[in-house]
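A.B. asks: In my numbering, the protein residues as written are 15 to 235.
It should be emphasised that the hints constitute simulated quantities derived from the structure, not laboratory data. Check each hint, because a few of them may be wrong.
[Unchecked claim] Restraint-style ranges between C-beta atoms, simulated for each label pair:
no. : residue 1 : residue 2 : range
1   : G166      : R187      : 34 to 40 Å
2   : P73       : R101      : 54 to 60 Å
3   : V58       : D120      : 25 to 31 Å
4   : G114      : A207      : 39 to 45 Å
5   : Q18       : K128      : 34 to 40 Å
Keep in mind the model is a prediction, meaning the values are calculated, not measured. For glycine and all other residues, C-beta sits at the position ideal for the given N, C-alpha and C.
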Amino acid sequence: MARQQFRRRLLQWYRRYGRDLPWRQTTDPYHILVSEVMLQQTQVDRVLPKYHEWLQKYPTLEALAKAPDADVAETWRPLGYNIRPRRLHAIARESVATYGGTLPSDEQTLLSFKGIGAYTAGAVLSFAFGRRAAILDTNVARVLFRVFVGRGHPKAHAMRRHLWALSRAVLPRRHVFDFNQALMDFGATMCVARKPRCLICPMRRDCAAYPFNPDNERPAV
């Protein structure tokens, strides 16, 4: 599928079906970081109440940096994967100590924080700072693999590098916020891991994976 066609179809789909989520109503880098860390391996419906509770208690990096460890751990429950609040806490303390209580707006500095990887850095850069930064989480990787590749081993290291390159290649010069959010939503609600909604998918006729589906209802990958 041509990149321009993919962008157009994806943005049209998102403007009609994209989810209304609170972290899409802000460009505060800290608030976006909180949402991205909470959403790691956790469903949106579990994150929503905790996101509001967390930001009510710790509205800024400074507030989080000052909080006792035990309070932070307790506030995080019951989201699980408890290394995540410890990393958020450490990022807040480092931000206050080194960067005046703000998150840096360049990729290399963001990546220097323990707990911020390539995906999270791209999310913060594109959603908070309006930068043209690619993202690749599980949902995005699945969409790009199915639409543009179709066959092979999606989790292989070489394929992962290829999917990162694809994510950068399809990224538009404008509407980056909407485009990256659309990629995530499309993978979360349309091109899902099991029983994807191929029959109503706007990418179906040009999807690389679709022809290999024996019953033309879902990709074989």
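A.B. asks: Give a verdict on every hint.
C.D. replies: Tested hints:
The hinted window of 34 to 40 Å between G166 and R187 is violated, with their beta carbons roughly 29 Å apart. For P73 and R101, the Cβ-Cβ distance of about 19 Å falls outside the hinted range of 54 to 60 Å, so the restraint is violated. Here the CB-CB span from V58 to D120 is close to 29 Å, well matched to the stated 25 to 31 Å. With their beta carbons about 41 Å apart, G114 and A207 fall inside the hinted range of 39 to 45 Å.
Against the hinted window of 34 to 40 Å, the Cβ-Cβ separation of Q18 and K128 comes to about 38 Å, which satisfies the hint.
The structure does not agree with the numbered hints 1 and 2 stated previously, though it agrees with the rest.
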